[in-house]
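*Asks:* If you want the building blocks of each chain, they are given just below.
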Amino acid sequence: GAGVSQSPSNKVTEKGKDVELRCDPISGHTALYWYRQRLGQGLEFLIYFQGNSAPDKSGLPSDRFSAERTGESVSTLTIQRTQQEDSAVYLCASSSRQGTTEAFFGQGTRLTVV
Amino acid sequence: AQSVAQPEDQVNVAEGNPLTVKCTYSVSGNPYLFWYVQYPNRGLQFLLKYITGDNLVKGSYGFEAEFNKSQTSFHLKKPSALVSDSALYFCAVRDIDDYKLSFGAGTTVTVRA
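In order, the protein sequences belong to chains L and S.
Take any residue in the first sequence, count from 1 to its spot, add 68: that is its number in the working numbering.
Take any residue in the second sequence, count from 1 to its spot, add 863: that is its number in the working numbering.
Hints were generated in silico from the structure; no laboratory data involved.
Just to be clear, a hint being listed does not mean it is correct.
[Stated by the list, open to error] Each pair of labels, with its calculated beta carbon distance range:
hint	chain 1	residue 1	chain 2	residue 2	range
1	S	Thr935	L	Ser141	34 to 42 Å
2	L	Thr144	S	Gly925	33 to 41 Å
3	S	Asp917	L	Ser155	38 to 46 Å
4	L	Thr146	S	Ser889	29 to 37 Å
5	S	Gln908	L	Pro76	18 to 26 Å
6	S	Lys921	L	Gln151	42 to 50 Å
We treat Cβ as the ideally placed atom computed from N, Cα and C, and that holds for glycine.
Could you put together the complete structure from these sequences and hints?
*Replies:* Have a look at this one:
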């Protein structure tokens with residue numbers, strides 16, 4: 069596609085429910101990243117993929133968070149039993165196989181847990 | 864391990880004055896370095912990058928940055944700031960042998976008319 073696409077753009081969920089956030093990277097991009105940005109704050113690294121494997125999961129805040137990627141394409145970030153502290157904008161980015169290019173970001177999913 | 868430090872939470876300058884946003888980094892190998900800008904309620908936009916070669920790199924909107932290996936710094940500069948440059952700026956680093964991309968905490972730039 070023309071850019072990184074994330075869906076939904078906004079999600080309001082009740083505390084305790086599970087949510088799935090989707091990221092469609094730029095076609096052919098090998099690396100895919102997930103970050104969390106709380107209101108007025110910086111980017112908190114969550115996880116990244118090289119192809120379909122995730123070499124570094126150290127940023128996932130708890131075992132309620134998981135992510136997968138299939139076909140070196142779409143990635144899904146799942147948050148189970150959501151808590152109010154999970155409310156944030158979740159950003160996805162991708163970069164090319166060569167690795168010298170910058171990462172391109174999607175517009176994010178704004179998650180609100182009520 | 865890799866990390867990025869942006870020592871200033873906020874930078875305030877008058878329009879027309881030079882703007883500098885500081886960034887220092889730590890990587891185990893050689894770095895790829897990036898600057899991004901985020902306008903209110905907008906996604907992150909790429910400004911410029913250092914991969915190799917000339918230490919002074921030029922990017923979008925008149926911004927430039929200088930890579931200094933001995934000081935492990937990559938400060939962002941603009942000779943003459945505009946009110947429209949007011950935004951949140953992020954520095955990021957990757958080790959050339961790894962895909963992991965780490966960001967600094969961000970610096971809010973306010974340019975007053």
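*Asks:* Hint by hint, say whether it matches the structure.
*Replies:* Consistency of the hints with the structure:
1. Thr935/S with Ser141/L: 34 to 42 Å: holds, 36 Å
2. Thr144/L with Gly925/S: 33 to 41 Å: Given about 39 Å between the Cβ atoms, the range holds.
3. Asp917/S with Ser155/L: 38 to 46 Å: About 43 Å separates the Cβ atoms of Asp917/S and Ser155/L, which means 38 to 46 Å holds.
4. Thr146/L with Ser889/S: 29 to 37 Å: About 32 Å separates the Cβ atoms of Thr146/L and Ser889/S, which means 29 to 37 Å holds.
5. Gln908/S with Pro76/L: 18 to 26 Å: Roughly 22 Å apart at Cβ, these two residues keep to the hinted range, so it holds.
6. Lys921/S with Gln151/L: 42 to 50 Å: Taking Cβ atoms as reference, Lys921/S and Gln151/L lie about 44 Å apart, which means the hint holds.
Of the numbered hints given earlier, the model fails none.
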